[in-house]
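There are 2 protein chains.
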Amino acid sequence: MIGHRAVTSQDFSLNDLCGSTGRLDVLLRCINSCFFLSNDIRRDTVLYLVLQGKPDAPKCLRLVGSELRYLNPDERSTASLIRNALIKFEEGKEVMSSPGIYISRRSFLDILEELAKPGSLFYLKENGKPFSEDKSIENPVFVLGDDKDLFPEEEEMVISKEPHKITLGPKSLHADHCITIMHNILDNIY
Amino acid sequence: MIGHRAVTSQDFSLNDLCGSTGRLDVLLRCINSCFFLSNDIRRDTVLYLVLQGKPDAPKCLRLVGSELRYLNPDERSTASLIRNALIKFEEGKEVMSSPGIYISRRSFLDILEELAKPGSLFYLKENGKPFSEDKSIENPVFVLGDDKDLFPEEEEMVISKEPHKITLGPKSLHADHCITIMHNILDNIY
Chain S
1 MIGHRAVTSQ
11 DFSLNDLCGS
21 TGRLDVLLRC
31 INSCFFLSND
41 IRRDTVLYLV
51 LQGKPDAPKC
61 LRLVGSELRY
71 LNPDERSTAS
81 LIRNALIKFE
91 EGKEVMSSPG
101 IYISRRSFLD
111 ILEELAKPGS
121 LFYLKENGKP
131 FSEDKSIENP
141 VFVLGDDKDL
151 FPEEEEMVIS
161 KEPHKITLGP
171 KSLHADHCIT
181 IMHNILDNIY
Chain G
1 MIGHRAVTSQ
11 DFSLNDLCGS
21 TGRLDVLLRC
31 INSCFFLSND
41 IRRDTVLYLV
51 LQGKPDAPKC
61 LRLVGSELRY
71 LNPDERSTAS
81 LIRNALIKFE
91 EGKEVMSSPG
101 IYISRRSFLD
111 ILEELAKPGS
121 LFYLKENGKP
131 FSEDKSIENP
141 VFVLGDDKDL
151 FPEEEEMVIS
161 KEPHKITLGP
171 KSLHADHCIT
181 IMHNILDNIY
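Keeping their order, the protein sequence lines are chains S and G.
Residues in the first sequence are numbered from 1 upward in steps of one, following our numbering.
Residues in the second sequence are numbered from 1 upward in steps of one, following our numbering.
Extracted from the complex, chain S is given alone in its bound form (with noise of 0.2 Å):
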């Protein structure tokens, strides 16, 4: 996921996540999303945020499900957990600055790079096709904007990865309620 303005570094409020850090709020509404179940967090889901915004852009925050600890439910406290990432990042390695919360210096490329594997990559767009059952699939990865559509740049490195473009109705939602639905898709596949 793109942070596209999202702030990298420690300097925000945790009074004014909405006007002070480049809209990193709906980062943390889809950090909730992602690993939120009843009583329970989804270990089996990672999470990559790549913040794009003033003043030390890119950096990567990773979320690891299965290693999580202290993550609650409600913005602020996540962006507390968020803040701290940032205070503790050091050029050159990913530190782990909290449990199963990781920073390091990379970008969206280099993400991509890493990550998406031959026809295991799901672009989520308004125009694509419903999502179908495809119990091949072992790892997914899904890539999706924050409040803005990706770049045209950025689309283009994802196209070049040949992703299944899919849509999930025929609402244009917000990011945080895209993932919360595709997790419930799995739910009912797998």
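Where hints are given, some of them may not hold.
In silico lysine-lysine, DSS-like type, Cα no more than 27 Å apart, as pairs [unchecked claim]:
no., chain 1, residue 1, chain 2, residue 2
1, G, K129, S, K171
2, G, K125, G, K165
3, S, K125, G, K171
4, S, K171, G, K171
5, G, K171, S, K129
6, G, K165, G, K117
7, G, K88, G, K117
8, S, K171, G, K125
9, S, K165, S, K148
Source of the hints: derived by calculation from the structure; they are not laboratory data.
Use these hints to put chain G onto chain S, whose structure you have.
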């Protein structure tokens, strides 16, 4: 929707929504799920939140999609709108605190009696059946709890209305995620 311990006065901190509000934060996320589309509001949705916490329960918030204004997706700003409603509460009538947000003294039973028409009531329950398409239901009403299941006496009230018991999948989910998924199911049917 029932907020079993959700605060019924304006005396809470916007900086501690998880800790100081009887889990009002759960309801705030449900407001987001109920109403937000990408760049639009679900104008055909109405949400009733019954607050049953201290110090002055019950209070009922009614949010009307077709009238809503000033609603933003983040938890904190929504909490501010709800606090404003609690400030403007008046005994003996329903007050509009901001466009599309109303507050009154009404209990869960009051709301159930008002809304539950034969065949139109859906109770989201882990042991229910999958939702099946039935286009004859024009105004479906969905009942769900917050982070707690309905209490036995609340469940009895619901059961007395002969609801359809439905489940969304094999996993136990947060209330706001249930709303997002249910909306998506309805989007794809209607």
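Against the structure, the hints:
Restraint check for G:K129 and S:K171: satisfied, since their Cα atoms lie roughly 25 Å apart, inside the 27 Å limit. Pair hint G:K125 plus G:K165 holds up; C-alpha atoms about 6 Å apart against a cutoff of 27 Å. Taking the CA atoms of S:K125 and G:K171, the gap is about 26 Å. The hint holds against a cut of 27 Å. Among the hinted pairs, S:K171 with G:K171 is consistent with the structure: their alpha-carbon atoms are about 24 Å apart, no more than 27 Å.
With a C-alpha separation of about 25 Å, the suggested pair G:K171 and S:K129 falls inside the 27 Å cut-off, and the hint holds. With a C-alpha separation of about 15 Å, the suggested pairing of G:K165 with G:K117 holds against the 27 Å cut-off. Under the criterion of a C-alpha separation no larger than 27 Å, the hint pairing G:K88 with G:K117 is inconsistent with the structure, at around 31 Å. Our distance criterion of 27 Å between C-alpha atoms is met by S:K171 and G:K125, whose separation comes to about 26 Å.
Distance check on the hinted pair: S:K165 and S:K148 sit about 17 Å apart at the alpha-carbon level, within 27 Å; holds.
In the structure shown, a violation is registered for the earlier hint numbered 7 alone.
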